[in-house]
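Peer 1: Chains as they are written, first to last, in this note's numbering: chain A, 1 to 263; chain B, 1 to 323.
Simulated from the structure, these hints should not be mistaken for laboratory data.
Every value quoted in this text rests on a predicted model; they were computed, and no experiment measured them.
For every residue, glycine included, the Cβ atom is placed at its ideal position computed from N, Cα and C.
Be aware that a few hints might be false.
[Said to hold, decoys possible] A partial selection of chain A residues facing chain B, derived with a Cβ cut-off under 10 Å:
hint	residue
1	21
2	87
3	90
4	94
5	166
6	169
7	242
8	246
9	250
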Amino acid sequence: MININRVVGLLTQEFFITLRSLEVIIDILISPLTSLVIFGFLALFLSGTNIFIAHGLLSGVLLWQTIFIIQYSVSVGSLWNIWSRNLSNMFISPISLTEYIFTYSISGIIKAGIIFLLSSFLTLIIFHFNILSLGLLNLLLYFVNIIFFALWLGIILLGLIFRFGTRIQAFAWGVLPVFQSLSAAYYPVSILPKPLQYIANLIPVTYVFEAMRENLVDASVISWNLLITGFVLNIIYFIFAVIFFSFMFKESKRTGQFTRLEG
Amino acid sequence: MPLYLMPFVQANNMTDVILKVENLVKNFGKFRAVDGISFSVPRGKIVGFLGPNGAGKTTTIHMLLGVTSKTSGSISYFGDNFDTHRETILKRINFASAFNTLQNRITVWENLVVFSLLYEVRNYTKKIEELCNHFEIESLFHKRYNDLSSGQRTRVNLVKSLLNDPELILMDEPTASLDPDITDKTLTLIEKLKKEKNLTLLYTSHNMDEITRICDEVIFLDHGKIVAQDTPLGLTKRVKNAELRLEFDGKEKILKKYLNEKKSVFSFPNPNTVVVKVEEKKIPEIIFGLSQSGVWITDIEVIKPSLEDVFLQIARSKKHDKY
Chain A
1 MININRVVGL LTQEFFITLR SLEVIIDILI SPLTSLVIFG FLALFLSGTN
51 IFIAHGLLSG VLLWQTIFII QYSVSVGSLW NIWSRNLSNM FISPISLTEY
101 IFTYSISGII KAGIIFLLSS FLTLIIFHFN ILSLGLLNLL LYFVNIIFFA
151 LWLGIILLGL IFRFGTRIQA FAWGVLPVFQ SLSAAYYPVS ILPKPLQYIA
201 NLIPVTYVFE AMRENLVDAS VISWNLLITG FVLNIIYFIF AVIFFSFMFK
251 ESKRTGQFTR LEG
Chain B
1 MPLYLMPFVQ ANNMTDVILK VENLVKNFGK FRAVDGISFS VPRGKIVGFL
51 GPNGAGKTTT IHMLLGVTSK TSGSISYFGD NFDTHRETIL KRINFASAFN
101 TLQNRITVWE NLVVFSLLYE VRNYTKKIEE LCNHFEIESL FHKRYNDLSS
151 GQRTRVNLVK SLLNDPELIL MDEPTASLDP DITDKTLTLI EKLKKEKNLT
201 LLYTSHNMDE ITRICDEVIF LDHGKIVAQD TPLGLTKRVK NAELRLEFDG
251 KEKILKKYLN EKKSVFSFPN PNTVVVKVEE KKIPEIIFGL SQSGVWITDI
301 EVIKPSLEDV FLQIARSKKH DKY
């Protein structure tokens, strides 16, 4: 059972932290928008007359930003409380673990939604590419998949941070680029060496980006095979992530690591 | 049951027990940090939790708050098991410590609003203003928590711990880093809350004067075990030796001879002063004997054992049976 007051309380804290932390504003607003502009011009420069390559790259950047912001919110959100030595205060309030994770997920989705709208508008103005040209239903299906992906990855990383402490905090922002290179966000899977293709096929969002490239050619097609494969993988990983996080959280409390997180 | 546990038998039998701990054990690998402790905290009482560093106090407090899991034993608040009623219990208790802080990026007001929402405090604006007014920190509302002095932070932490009108507050050295004036105000507020709202506290501190002033009962922990439980007065009475400080006029030889005959332990910090370590009940006999033997006593000071003496004896003792 989710208590709305407590979710609003934690969301309020997230809002205040975002408002007052230049790092967060740079990480989730300035950096993504700058990357978008850089990738956009690079795409225009490299694609020449083939506009699909440019649009593929821009779509990849827009979707990847969403993944990054959600995962960042889930994993780094708790680090702000750990760095402030406030995590214990949060967990000795009546907030439940479910409410805690739920709030950071909602916070990430809201932030990602806002940045996506802003980035999409910027893409339309500067690069004359409308992300809606991929099809509304397609976009919705992509979002379901990328939100799940970002959440389970964020939850696993948060579990690792709770269990092993801030010595592995760099995972919170350092693991995602590994997935970025393997999930063929900006290029087709077929361009990867064969062994890496096998790994790419295990990553749910690989299928989203493959579907996205198909929709660049024909937006009326819904690549159900690809999207359902990605979704099934996401569900499997999400279930694993919840079990893994729950185990890591219990271990953190059993070993005393949870209270040592705050130094 | 050992004699030192007797005072708390009464508490265990009381119907209005706020916190009950039974056979609580915590192992970290092969190391046993808390070794089967049992105690109760009755409503409206302030129970001091004392012990040297590494005694298991903090681990126990962490288990009582649910941020460290127990190896075995049971914790119940208000008659409900903490494992199965976590949410409802945490709504009714709170915690204050000088060592963990609030979110340092945001302002004092913002922090208190967040915790008011987490604890579902009604009319929280008024509540925050009232508490901040009492602790004289209204001027800090719009300051970032990170920019506060340690004393200011402690006061904000105390406000946070009182937001939900808790029935029990666990306080881990809440006055560490406060100046004497604010410490006194904090203790006065605690005494007032106890009187007016029947507030219950589990209180750790290294300041023995504080413990003596506000605690109804004291639990001494050492090596994960409860080694003594009693009222502060009851505990000090267990230390039999007091210090008798006498100022005298000449005749040091007679004085030495008399004290040696009585097999007393004594020293001369300066030429006309002697300090005798003696059982409290023998003090009249010593004074009478000395004056009979011709020593002219000009000043008498009896330094009774304090809780600090009890603490030192327990901390330095290998065998705790005598407590």
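Peer 1: Each of the hints needs a verdict: does it hold here or not?
Peer 2: Okay, the hints, checked on the actual structure:
Because the closest C-beta pair between residue 21(A) and chain B is about 5 Å apart, less than 10 Å, the hint holds. A hinted interface residue such as residue 87(A) counts as satisfied when its beta carbon comes closer than 10 Å to some beta carbon of chain B; here the least separation is about 8 Å, so the hint holds. The interface hint given for residue 90(A) is met, as the beta carbon of that residue sits about 8 Å from the closest beta carbon of chain B, less than 10 Å. For residue 94(A), the suggested interface contact is upheld, since its CB lies about 4 Å from the closest CB of chain B, less than 10 Å.
Below 10 Å, beta-carbon pairs count as interface contacts, and residue 166(A) has none with chain B, the closest being about 15 Å; its hint is therefore violated. Given hint, residue 169(A) at the interface with chain B, is violated; its Cβ is 16 Å from that chain's nearest Cβ, farther than 10 Å. A distance limit of 10 Å between C-beta atoms decides the matter here; for residue 242(A) the minimum to chain B is near 19 Å, and the interface restraint is violated. Residue-level restraint check for residue 246(A) is violated (minimum Cβ-Cβ distance to chain B is 13 Å; threshold 10 Å).
For residue 250(A), the interface hint holds, the least distance from its beta-carbon to any beta-carbon of chain B being 7 Å, beneath 10 Å.
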